[in-house]
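> The lines below spell out each chain.
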Amino acid sequence: MDTAPRIRRFTGPDRSMHLWLILTFMVLAVTGTGRMFFSTDWGQALLALFGGYDSATRIHIWAGWLMTGGFVVHIVVMLTRIDWRHLGRSLFGPNSLVPVWRDLKEFGQRFAWFFGLAKSPRFERWTYWEKFDYWAVFWGVPLLFISGLMLIYPVETSRLMPGWVLNVASLIHRAEAILAVSYIVIVHLLIGHFRRSTFPLNEAMFSGSVPVEKAEEEKLDWMNRLKRENSLEQLSASAPATWYRVLYFLFGYAVIILGLYLLIAGGYYSQFIQIH
Amino acid sequence: MLSMPERTIQVVWLFALLLVLPQLTSAQQQDRDRYRVRTATSGTDEAEAAVRRYRDQLLSSGRYEIDDAAGTLPYGPTKGDAIRSVPRADAHAGLKDYPYRKCVACHEQAPANIHTIRANNTCRQCHGGDPIASVEHYYSPLNPIRRHAYACAKCHEGANASFATYVVHEPMPSAADTRNTFPALFYSDRLMFWLIVGVFLLFIPHSVGWWIREWFTKKKPEA
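Residue numbers (my numbering), protein chains in the order written: chain W, 1 to 276; chain S, 277 to 499.
Honestly, the hints are just simulated from the structure, not real lab data. Given the structure is predicted, the values throughout are model-derived calculations rather than measurements. Ideal Cβ positions, reconstructed from N, Cα and C, are used throughout, including at glycine. Wrong hints could be hidden among the right ones.
[As the list claims (entries may be wrong)] Quick look at which bits of chain W chain S covers, simulated, 3 or more residues with Cβ under 8 Å:
#1 164 to 172
#2 175 to 189
#3 192 to 198
[To be verified] Taking lysine to aspartate or glutamate pairs in the EDC-like style, the calculated list, with each CA pair at most 20 Å apart, reads:
#4 Lys214(W) - Glu490(S)
#5 Lys119(W) - Glu384(S)
#6 Lys430(S) - Glu156(W)
[Unchecked claim] Label-pair ranges, simulated between beta-carbon atoms:
#7 Leu258(W) - Leu477(S): 23 to 33 Å
#8 Val473(S) - Phe272(W): 22 to 32 Å
#9 Val76(W) - Asn436(S): 51 to 61 Å
#10 Ser361(S) - Ile146(W): 34 to 44 Å
Using the sequences and the hints given, assemble the complete structure.
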């Protein structure tokens, strides 16, 4: 077992919520892709995995409710983590996911670093791309939930707003789903896991911890702050057990392969689908 | 170790899920079952079957060929536009070989909609049996004054006039014409298109740049 000192990045509830998100997201992606590609053989094959169109639709709806339920729980948990007595510092401080001006500066500096024109930024607890990933899902889930709810209950929806809004809801639901799946596979999965410093798998969200040395390379300002505040010891963590590593490696690669398959096959079959 | 608030939240959510579970049956599945019962007795399936029988009989006789791509109008386009501008009780009156033609011979894009592709609806099931009146004519079951009751509510129980404003034959959202005919759809499409393009224009170069840059970063030797 690895004996290098480690620091905790994600708590148990964080990892549980992320796992919940992965599972519901993948079920929604596969059933939703089957529905969207209904008029192709590939779509029919995906739907057949879930017992046909009607069954896949029910599972898609169930997974949507479960994802939204997880989202609500997550919001409640986040609200309990806010220090309401020091709201400003809690919302805009270094431990917060709320975007601040520093993120914009670091974005520019990072791009300059790509071309060798500047040093890489010394990141704090949350980098700008981690904040983007978080907020992209944070507004994407309610958008998909609301448009999806309108499509599940079209008659009730048309009592509150004109029926043509369902055409718009259908378009937005499909477009946002395509954006979500494409972004997660191309950016979050491929670049997250397949760059040199993280290959073969970025284990942080599965193990919950990273080696201190790695944290110092990537987030030097955060580590320096923890040392100044003498809180580094509180966040020390042990390496994950080997059996657990094997498990999350298999799971992680299964998700990556499934995501890649949906993206590549979806790209190919998109020429055959008949609705706009 | 979970804190008390976090444990409480998990228990509350599990309880809420148990309450919600019975409500998750899709209204659409109930609608589809209702439609199958209704059309088994209303005679619309008979009308569809009759057209297919005429066409099959004619083609199998070997004495006639139907060229679906050929023009069917006994008049030119200008007169055709004038005729189409007035709602008619029989929108297909005077068309050559009408009883033996498929709807898609002239209405090519009409089947590209969710009701046809997924629910397997045929044209006459909403547009009515022959003679098919223009939608704007008061005989038509799809006239806006009665569409929700005569067409939509056959499957969607409780459909009202607002529900009937849903556009079944949706135009191409990105087409220029759609800006005038269905602006909400057009601008939603543009918004989502530029959102997708914008996100990837930003993050694909970012990801590629990062991936390449890391190859040139010296890896620290293992301790």
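> For each hint, tell me whether it holds in the structure or not.
How the hints compare with the structure:
For the stretch 164 to 172 of chain W, the stated coverage by chain S holds: 8 residues have a C-beta nearer than 8 Å to a C-beta of that chain, and at least 3 were required. By the rule of at least three residues with a Cβ nearer than 8 Å to a Cβ of chain S, the coverage given for the stretch 175 to 189 of chain W holds, with 8 such residues. A stretch counts as covered by a chain when three or more of its residues have a beta carbon under 8 Å from one of that chain; for the stretch 192 to 198 of chain W and chain S the count is 4, and the coverage holds. Distance restraint check for Lys214(W) and Glu490(S): the Cα-Cα separation of roughly 14 Å lies within the 20 Å cut-off, and the hinted pair is therefore satisfied.
Proposed proximity of Lys119(W) and Glu384(S) is contradicted: the alpha carbons are some 59 Å apart, above 20 Å. Note on Lys430(S) and Glu156(W): the hinted pairing holds, with a Cα-Cα distance of about 16 Å set against a maximum of 20 Å. Between Leu258(W) and Leu477(S) the CB atoms are about 26 Å apart, so this pair conforms to the stated range of 23 to 33 Å. Distance hint for Val473(S) and Phe272(W): a CB-CB separation of about 23 Å, consistent with the stated range 22 to 32 Å.
About 37 Å separates the C-beta atoms of Val76(W) and Asn436(S), a value inconsistent with the hinted range of 51 to 61 Å. For Ser361(S) and Ile146(W), the Cβ-Cβ distance of about 40 Å falls inside the hinted range of 34 to 44 Å, so the restraint holds.
Of the hints listed earlier, those the structure fails to meet are numbers 5 and 9, in rising order.
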